[in-house]
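If you're matching them up, the sequences are chains W and A in order.
Take 38 as the starting number for the first sequence in my numbering and just add one per residue.
Take 8 as the starting number for the second sequence in my numbering and just add one per residue.
It is worth saying that the hints were derived from the structure and are not from the lab.
Some hints could be false.
[Claimed, not checked] Calculated pairs, DSSO-like style, for lysine-lysine (alpha carbon to alpha carbon, straight line, at most 30 Å):
(1) W/K881 to A/K432
(2) W/K370 to W/K517
(3) A/K283 to W/K939
(4) A/K432 to W/K804
(5) A/K145 to W/K819
(6) W/K947 to A/K283
(7) A/K283 to W/K949
[To be verified] From chain A, some residues computed to sit far from chain W (all C-beta separations above 10 Å):
(8) L64
(9) R288
(10) E357
(11) K403
Think of the CB as a built atom: it goes at the ideal place given N, C-alpha and C, for glycine as much as any other residue.
The chain contents come next:
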Amino acid sequence: MLWAVLAASPLAAAEPLRPPASRPLPGSVHALVGGRVVSQPGRVLEKGTILLTDGRIAAVGPDAAIPPNAEIHDMTGTTIYAGFIDAHLSLSAKGSAHPAATAEIDAPQQNRLTSGAGMGFPGAPSAAGGPSAHSVVTPERRMSREYAPEPKELESLRAEGFTAANLVPDRGVIRGTSTLASLSSSAADAAILRPDTFQHIALDVPAPEEGSGSKPEAYPGSLMGVIAVIRQTFCDAQFQAADTAHYVAHPNERPRPAFNESLEALMPAARQTLPVLFEPGGVLMVDRAMQLSREFGLQPIILATGQEWRRLDLARAAGVPFIVPVDFPEAVKLPEADDWVALSADQLRAWDQAPSNPALLRREGLEIALTTHGLGKPNRFRHNVRLAIARGLSESDALAALTTAPAKMCGLSDQLGRIEPGLLAHLTVVENGGYFDPEARVREVWIDGQRFASPLPAEEKKPAKKPAEAEKPDQPDPKKELEALRAQLTAAPAQQDRGPLLAPPAIFIKSATVWTSGPQGRLDGASVLIVDGKVRAVGAIDPVDVPTSALVIDRPGIHVTPGLIDCHSHSMIIGGVNEGTLPSTAMVRIGDVVNSEVETIHQQLAGGLTTANLLHGSANPIGGQSCVIKLRDGASPEELKLKGAPGGIKFALGENVKQSNWGDNFRSRFPQSRMGVPAFHTNRFTAAKQYAEALASQQRLGGPPVRRDLELETLAEIIRGERLIHCHSYRQDEVLVFLRVMESFGVRVATLQHILEGYKVADEIAKHGAGASSFSDWWAYKLEVFDAIPDAGSIMRERGVLVSFNSDSSDHARRLNFEAAKAVKYGATPEAEALKFVTLNPAKQLGIDQWVGSLEPGKDGDFAIWSGHPFDTRSVCQETWIDGKQYFQIDAAQRRAAARQKERLALVAKAKTLSGDAPADPATAKAQAKFFYRALEDRQSHRCLDCCLDHQMPWKN
Amino acid sequence: MEKLSLSLATLLALTAAAAADTLLLRGATVHTVSHGILAPGDVLIKDERIAAVAAHLDQPADRTLDLQGLHLFPGLISAATDLGLVEISGIRASLDDQETGEFTPEIQSWTAVNPDSELIPVTRANGITHFVPVPGGKLLAGTSGLLAARGWTLEDMTLRRQTAMHLFWPDHSLNIPGPNAAEKTKSLEDQSRERLERVRTIEDFFREAEAWQKRTPGSPTVPAWEAMGPVVRGELPLMIHAQGLREIRAALQWSALRPQLRVVLEGGRDAWILAKEIAERKIPVIYSEVFALPASSADAYDVQFRAPAVLHQAGVVTAISEGLGRFSASSQRNLPYSAAQAAAFGLPPEAALAAITLIPAQIHGMGDTLGSIEPGKDASLFAATGDILDIRSVVKHLWISGVAQSLATRHTRLAERYRSRPQAK
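Please put together the full structure from these sequences, using the hints given.
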């Protein structure tokens, strides 16, 4: 124990005289004389005196008067800062006094918090599930009740210069409140400065439980489920407040509201009296946190993911304070040369970009606080901050990020963060230069007027050859060279080669074979004029009508089609395609988890695709809400969305929803047979009707407020005709029954997806008015698709069904034109009609044909240019345009790939140079493990057709 | 029209049952594969063999079929597939494509082919006359046979019981846990050692197999070692299944030390990177990854589309297959379109056609019998309405060993049945 308490406790004045044999209390007045005082960033006193009295700063100045009772400390040669604050500190597990404190809430209550339906579904564990399951909604958890840090943890933080830290809860979704404490004592009463600092919410993929995949998981099992849980919980908090208010006004006229500790605990956050600290799992979730904050009127602070460099636009738009970790990955020496192949270009980029992240955020004008979060042991903190400074963070900003900024974020800027009379006596004293100088060392810190000396540095073993080295002062220091190399940025900016290649005011395609998919049909030798992103004219166009600013495309032999549309895609979704836990997950939204950063966008553009319907998987009879996007590569998730597209939702029937192929542990969730599916749909739609009636009655007649239920609200939208059902379906029997159940609720189904036996009941489908969105020729991969035939699309079309062909795969989405060609081959569908299977018809099915799907005046300028006939397998897509902007061009794509290859090689070379051996200390081991971190946006690429085995995919890694 | 050709096919099937018989196919565009294109050309079939091919044939024939406007191709060959071993991939009871155990060289795939599989006629209807079902497994899985897509029994179907021994190269990818993963994975150094040990297991097995072949006469029979005989003597190709760069590189390094082995690479996603070495070693590649997604975001979007062209240009004998796995059997009819995509991205069209006809025949030791329209070869060929690499082309006639085959399938039967369903009320 090298620390020593040398000075008075701030409570000395109030503390009664200690009994004999106790150590007598020293005085509580100290004068720190002769140090260089940095009272706040940019304000320096080259030689000053700081006077501390009873734990507070009493005076600061060049000649502050020193009272006679003061203990005088010589600070000559030191730099004194306001004590550093770590705004986001996770204690080690054993440093938490009550690790199981939250496992005691009774199950039904948790169930209500996490299940959108307001009740448990039989056979489907919610977060309340078994007795061993932890709830993920624990806003009532208070770190102030669990404050019991290991003395060694406090010591190691003080050694980095920290005097206060905000201790955060570290598990669950809505996690509980953090507490700001002095790092002086393990005793909560002495240490805690502010009992509740923030409410903490993690926007991340739920951590998989052990052995998951082979047994049922609790809701939420996906990122979109997590977001739905947050949304429902805040709705519940709002309801709780309204309901309680109503009860207070009508105490004898209505049922008593249930007491709910969790929702009570959430009130300060819901009422904006307590900030909410969001912990996003990736940069796209930063934006999601902001959307949720706006939706529920929260006061957000963001824990930076370290990945903000990917999309600085989203960080900038957030405009709120960021708490920024400096847990940069470190390159690892790999045993074999071929091991480097395993590192993706993205992983290497992430490693190289990481140290720039703090400076980049600051450059966007954001307020930042630096934290040791993620470092494990904090002893690399100063080293990494210096690296961040080398990448452009100013020392003054770095200092603010350790003092004034975290003090402000934690709501204690009147107590901490500056050296000013009246503030708490928290000081960080550094010798051998300023804190950010290479040789500097924290000599001591002062906390609440107590001095804590740093452990004496271990006796340095001087290498024997040191004198020899000294003789060659010109010899470059290899360590310094490596540091300089790390300080350089090699990676290209993440958005450099994304976004439109061309955005001319107008485009004139002089002469081409134009497949309009509209009333004009196929036109040979026709022109197309696009102005301001919209189709102006198609056919014979008088050159005088072409604006002089138009980009002219004049190449012989080309064919032009509308941009292709995929009515069934799972490609650009993060954190899980299925919320496959509950049988109804109508409350989850694909729109919350659109992945704008994935390479498949580029690959699908290269196949002429411009629009995709992103669907939830087929793991449950009522799946999640879908989202229609345009493939505007480089745009943010919100910018990808096709504005005005009607809302949709995924439903499913058959083997997937009855869990036929999920394994022996999945035999209890309802439904387990095709008999149960219509019963389930009837149940939920009846509940939705009753819910809508309850809402209407409450609005009409008043009375107690009705709890907003996001599942039933969504289903009520379907009943009102405001949301389109896209139903995964195969067998003719289940299809007919589903149509009849929906008809009984007055609902018209928008599309039957896959619908491989649709040809058997084509007349019934046509009469109902549902569209059919099918595979061209997939069959025999499971029992219910053994009667699938490649003529199905053609037969359905002949019998009056609106037919599209979809991909359901990131591969097939690259060649939907060839899928359409199969309708020509097997079903003898005319070519122009077959092309509509992947253009106009899916647009109609999705209710977006007023904008896309055909080349007609007034529609969006979305088109693909092909080297020949779009059904000829020798043809390739040369260009893809969306809204009159070019997003793919075949030669540019090659240049892009070449540049990326070059960048990757440079990064591998750099990483090899900088890679360290297998680490001795755990902090390095942790940093090296991060070298292999895969960003959330980079973790999955959906390839599987039928979207059923998705729950076995390793996207949770 | 569809109906007409079906009944014609049935008629031909019946008449062909009678002995000694000649059929002249007249006027089609003949894609011989071995000797270019005859446009138009005539083909004379005598019994089960091709008797003559020329721009114009004057020989008299028992029957003449006018194929003007159609294109004649040699039957396509699926060089590596699950067809015949898998019916419905989601139903375990219908799967016979995987055995347990690491070394099962005595396994022979032809023994489990279901002649009545509904998937075989569906495949055949798009021009595929022969296929090579591959036994799956963990390491050394067994041998594949080459079968015709017709026959009353599997003995009827099987042209050659053993065409190659199959070695699934062990996965060399790194096992890296996430930063917060609970499970502890082995260190990279340990993983490196384990990779070497896996390769040593293979090496040991081959060394012991070689040693066993020199045993003293009269020692007891060991079926597994016996099955290795033709492989280690270089009589039977060793088909190594590997996709990633380091697996392929490791397989090449290992096999270089055993020059007597006749190595074929199957899968080969990253083989294009090592095209030069593979060409120098004269190792044929059965490329199955045309439609695989690029493995790295630094790869061009078309890296897999182009791979066969890169291999071909480097001088590698390149076949194209649909690959193994969950959808292999049911999607086998799409074989020509993988070749077509390669052709659209640089592979010469004639090489693309050879990659699904003559080259698979040669790799599987049937190059003298199958894979091209040449006198003396087996009369397995088909007539389509256009280039078979074009999806829109429809197969109209198909012969296997001179016998016209029905093009009716489960699919055409169902289509016919439901097309005739009366309008529902």
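Comparing the hints with the structure gives:
no., hint, in the structure
1, W/K881 to A/K432, "26 Å, holds"
2, W/K370 to W/K517, "19 Å, holds"
3, A/K283 to W/K939, "21 Å, holds"
4, A/K432 to W/K804, "9 Å, holds"
5, A/K145 to W/K819, "24 Å, holds"
6, W/K947 to A/K283, "28 Å, holds"
7, A/K283 to W/K949, "27 Å, holds"
8, L64, "31 Å, holds"
9, R288, "19 Å, holds"
10, E357, "13 Å, holds"
11, K403, "12 Å, holds"
Violation of the numbered hints given earlier is absent; every hint is satisfied by the structure.
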